[in-house]
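Top to bottom, those sequences are chains A and B. Once you know that position 270 of the first sequence is 269 in numbering that gives the first Met the number 0, the rest is easy, because the numbers rise by one and skip nothing. Once you know that position 320 of the second sequence is 319 in numbering that gives the first Met the number 0, the rest is easy, because the numbers rise by one and skip nothing.
Do not rely on the hints blindly, as some may be mistaken.
Which copy is meant is left open, so a pair is good if it fits within one copy or across any two.
[Stated by the list, open to error] Computed cross-link-like contacts, DSSO-like style, restricted to lysine-lysine with a CA-CA straight-line distance of at most 27 Å:
1) K69 <-> K186
2) K264 <-> K309
3) K309 <-> K272
4) K69 <-> K264
5) K264 <-> K367
6) K186 <-> K367
Simulated from the structure, these hints should not be mistaken for lab results. Quick caveat, the model's predicted, so the values are computed rather than measured.
Number of protein chains: 2
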Amino acid sequence: MKAVAIVGIGIIPFGRRDEDSLVDMMATTGLMAMDDAGLGDRPVDEVYVGNMASGMFNHQVSVASALVDKLALFPAGAERIENGPASGGSAIKHGYQAIASGLAEVVLVVGAEKMRDVAGPRATEIVSCMAQPEAEYIYGVTLPGLAGMFARLYMAQYGITRQHLAQVAIKNHDNGLLNPNAHIQMKITLEGILTHPDATVNNPVVADPLHLYDCCPVSDGAAAVLLTTTEIAQSLGRPFVTVAGVGQATDTHALHERQDPTDLKAVTIAAQKAFAMAGCTPADVNVAELHDAFTILEIAESEHVGFFEKGAGARAVAAGETRIGGSLPINPSGGLKARGHPVGATGVAQAVELVMQLRGQADERQVKGAQTGFALNFGGFGNNVVALVLRRES
Amino acid sequence: MKAVAIVGIGIIPFGRRDEDSLVDMMATTGLMAMDDAGLGDRPVDEVYVGNMASGMFNHQVSVASALVDKLALFPAGAERIENGPASGGSAIKHGYQAIASGLAEVVLVVGAEKMRDVAGPRATEIVSCMAQPEAEYIYGVTLPGLAGMFARLYMAQYGITRQHLAQVAIKNHDNGLLNPNAHIQMKITLEGILTHPDATVNNPVVADPLHLYDCCPVSDGAAAVLLTTTEIAQSLGRPFVTVAGVGQATDTHALHERQDPTDLKAVTIAAQKAFAMAGCTPADVNVAELHDAFTILEIAESEHVGFFEKGAGARAVAAGETRIGGSLPINPSGGLKARGHPVGATGVAQAVELVMQLRGQADERQVKGAQTGFALNFGGFGNNVVALVLRRES
Chain A
0 MKAVAIVGIG IIPFGRRDED SLVDMMATTG LMAMDDAGLG DRPVDEVYVG NMASGMFNHQ
60 VSVASALVDK LALFPAGAER IENGPASGGS AIKHGYQAIA SGLAEVVLVV GAEKMRDVAG
120 PRATEIVSCM AQPEAEYIYG VTLPGLAGMF ARLYMAQYGI TRQHLAQVAI KNHDNGLLNP
180 NAHIQMKITL EGILTHPDAT VNNPVVADPL HLYDCCPVSD GAAAVLLTTT EIAQSLGRPF
240 VTVAGVGQAT DTHALHERQD PTDLKAVTIA AQKAFAMAGC TPADVNVAEL HDAFTILEIA
300 ESEHVGFFEK GAGARAVAAG ETRIGGSLPI NPSGGLKARG HPVGATGVAQ AVELVMQLRG
360 QADERQVKGA QTGFALNFGG FGNNVVALVL RRES
Chain B
0 MKAVAIVGIG IIPFGRRDED SLVDMMATTG LMAMDDAGLG DRPVDEVYVG NMASGMFNHQ
60 VSVASALVDK LALFPAGAER IENGPASGGS AIKHGYQAIA SGLAEVVLVV GAEKMRDVAG
120 PRATEIVSCM AQPEAEYIYG VTLPGLAGMF ARLYMAQYGI TRQHLAQVAI KNHDNGLLNP
180 NAHIQMKITL EGILTHPDAT VNNPVVADPL HLYDCCPVSD GAAAVLLTTT EIAQSLGRPF
240 VTVAGVGQAT DTHALHERQD PTDLKAVTIA AQKAFAMAGC TPADVNVAEL HDAFTILEIA
300 ESEHVGFFEK GAGARAVAAG ETRIGGSLPI NPSGGLKARG HPVGATGVAQ AVELVMQLRG
360 QADERQVKGA QTGFALNFGG FGNNVVALVL RRES
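So here's chain A without its partners, still in its complex pose (with noise of 0.2 Å):
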């Protein structure tokens, strides 16, 4: 099996991006991804587009085929490769995977979404179908939903405060201040959405006790990384990310069909698969990249990663030890807290975010001597996750 490399990126700044089609943003971050490399005439063997529902958002299917046109990668294969929210961590995994088949040398990857073609209401309904047809999506329950009931739950098991999910707001847009890609570049704070008199206008409830600024806004975005092998990766001669872990899991459609609704049962065990496959743990991670759509997320997947014991991911968040300069950053980017979450864009974004924390290229949000990252991006509700191990090799 052939080990893999990142060895190109590209991303643009999120957002509301209405001088872009869809096609336009996957282009240009392709682009930059193949520029990055620097593999000069080598051929892009394959081309993966993360994305959810182009047809829904924005009128059109087959994108892949799209970007190869764009891009005249001819005769390229293509393929959209579809997980929902963790479409961008899948279409990684499968360029890893024609990689390590030997079947193809140099995989473009990119992430798109275009969700502000379409208004805000009819965004969510979008994104709701990918809940449970029959027991979720047929009774009205839209993700904020789902968010909420599963908030509430956790929150109560592991005595958790509305105050620790704002931290995680306040650490998030923090970040997003550093990312000039962030779509939210605003600070807040404990005041201003929780303890000032109006803070119920500022940040009114979406589906309690999750408020406006506990969820991700909607975004249009895309990301791209460029893979190859790790020979090819090395005769570049520079310094690069390689792949040293990929996992993925599934767990139950409708969330109350598990055991304990509290459990992300497929989070815990596509991160074992990636730390079991890269030969590393938890404690060896310099930089995470979490998949906060909701506040709540961050903390659960925190500890369902193994960075914190159940329960202590919230008092960690509240003690500054995952903001950077902490002892485990997290979401350095800004998450798709404040990053944005154009659905299918984020898990490559995450990426992204990663190989410059790696490379030592992340500016002001530099995490010193990150050698390890770690990514987690989260589908359905937690029904199909794909969690990503990166290391810098020099």
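Once you have looked at the hints, place chain B on chain A.
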């Protein structure tokens, strides 16, 4: 690189299946394939679903995770693989890569589409979302429209008549009558669809020069194959089919941007790649499933794959060479024309038909002594094509 075998198949009758959901169809055929393989307690490592547009047709995304849930295959990895009408072929390709890389040993590949949940005109509109958005879709071009323009050009260039096209349809309807899973179970004649005074009523124009019986129907359906290593296949102790070649190629998105729009370059390249990998030539093929979404495509593809010289494909049909019993039977299943074309299912259904033929289990439509089979799955309007060479091993 591990060699890959197909050890299980599943398919259900295509047509209008109001009683089943998309996931029901996937689960039924998936179980059939697992049952057929007889792998016992060996777990399924990965689940790939070829599907174009479950969001638009069925208000559901992330259907691969939903299938894992329905079949309780946790914690198997799972993705939906989308490449328009070639989604099924692409899903098999990704299953191949997963096993070839050594990362998975058993992969369930299901192709499925449930198109009859929406009205006919809406189905045509959804399918047209694969056309080039700025140069085709925006002007109202549909796939029958593109096929009509292509047919006119191709017929003029190679002296093909409407009678030649009709002979493709007649053959495939005849074959469909031998296939209990075919959507269309109806004999048609040259008189009924072409020469009788009522033929213009029976067989109205859809996109001149293509008439109703030149076009595949809009179908619900699913099909599945179970892939594993040839080592495991051998351990099962019975004849099996290997995936000897997988080829894919892309071309310009917009049909009019091709230097010669009658030249289906991606078909030629995909087939060449598959044959090169299998170490054989078109002359070695005993049975083929081609992508006859429109009758003209069966003729054009049979030439571009290399079965016949350019311009000789239509004469071969007229001479009966492509009938069961002829020198190269094409679409013994009835093809898309009669079996039906549930978009994401088609590529997998083609593989299922070839496996039945290579195992000698195709009953009345059996191609005697078939050893090597070929399938061509045509995405977009020929802008992303997947070719497979399957071979019986004993």
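Each hint, compared with the structure:
no.	hint	result
1	K69 <-> K186	neither (38 Å within a copy, 44 Å between copies)
2	K264 <-> K309	within (13 Å within a copy, 57 Å between copies)
3	K309 <-> K272	within (19 Å within a copy, 52 Å between copies)
4	K69 <-> K264	between (40 Å within a copy, 17 Å between copies)
5	K264 <-> K367	neither (32 Å within a copy, 51 Å between copies)
6	K186 <-> K367	within (23 Å within a copy, 73 Å between copies)
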